[in-house]
Amino acid sequence: DTGVSQDPRHKITKRGQNVTFRCDPISEHNRLYWYRQTLGQGPEFLTYFQNEAQLEKSRLLSDRFSAERPKGSFSTLEIQRTEQGDSAMYLCASSLGPSGTDTQYFGPGTRLTVL
Amino acid sequence: GQNIDQPTEMTATEGAIVQINCTYQTSGFNGLFWYQQHAGEAPTFLSYNVLDGLEEKGRFSSFLSRSKGYSYLLLKELQMKDSASYLCAVRDPVTGGGNKLTFGTGTQLKVEL
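Respectively, the protein sequence lines represent chains A and B.
Going left to right, the first sequence walks through residues 191 to 305 as my numbering numbers them.
Going left to right, the second sequence walks through residues 4 to 116 as my numbering numbers them.
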């Protein structure tokens, strides 16, 4: 049983460039979440997918951010025209809902540094 | 919205017991989670409470009082590897039946010899 995986683990980019991150959830999980975490803070919710449908987006998710989950399996998070304030750890989580506790399991994250 | 408070740092001795408190004020509540996070790594699920009372899992226990907006995580027989950040998170529903987690800033626990 593999856990949530994310790629790449680290990304360094220059301000103004576009970046894309990938998340592969636990295979049977239908729910997928993206969070952002900065140093010394807890993760902050960005967006949520149920299968391929994006059902909730945080106000933190500006129009430079877009997320997709085209076939209800893996997901991508794209940031256009990156800014230094986008530097953070981007975490993906998945869960099997609505049954049970719907516990979210996190991937190792993608650490983004914008120079 | 959600407001979650937990101490920033705690120090304890190997072999001892430590209690990490979490208080919350929320507009919605659908359970409280505790996660452990080592530096540079992903949060790892520790425990879940949705009803009042104590949940025990090995060396870790978690308590919830919904009326007081209060939870604690109890770690027994501390080991050096328990040095990590402990995140309290409240879950509330979002559109479509899913849930989002709102996290506190985390309590950095240092276990000393």
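Hints are computed from structural coordinates only; laboratory data are not their basis.
Mixed in with the good hints, there may be bad ones.
[Unchecked claim] Examples of chain B residues lying across from chain A (beta carbon under 8 Å, computed): (1) ALA42; (2) GLU44; (3) PHE48; (4) GLY72; (5) TYR73; (6) ALA87; (7) LEU90; (8) GLY99.
Quick reminder that beta carbons are idealized off the backbone N, C-alpha and C, glycines included.
Now for the hints, and whether the structure bears them out:
1. ALA42: violated (10 Å)
2. GLU44: Hint holds; GLU44(B) Cβ to chain A Cβ min 7 Å, cut 8 Å.
3. PHE48: holds (6 Å)
4. GLY72: violated (17 Å)
5. TYR73: violated (18 Å)
6. ALA87: violated (13 Å)
7. LEU90: Where the cut-off is 8 Å and the nearest Cβ of chain A is about 5 Å from LEU90(B), the hint holds.
8. GLY99: holds (4 Å)
Violated hints, listed in ascending order, are 1, 4, 5, 6; each of the other numbered hints is respected by the structure.
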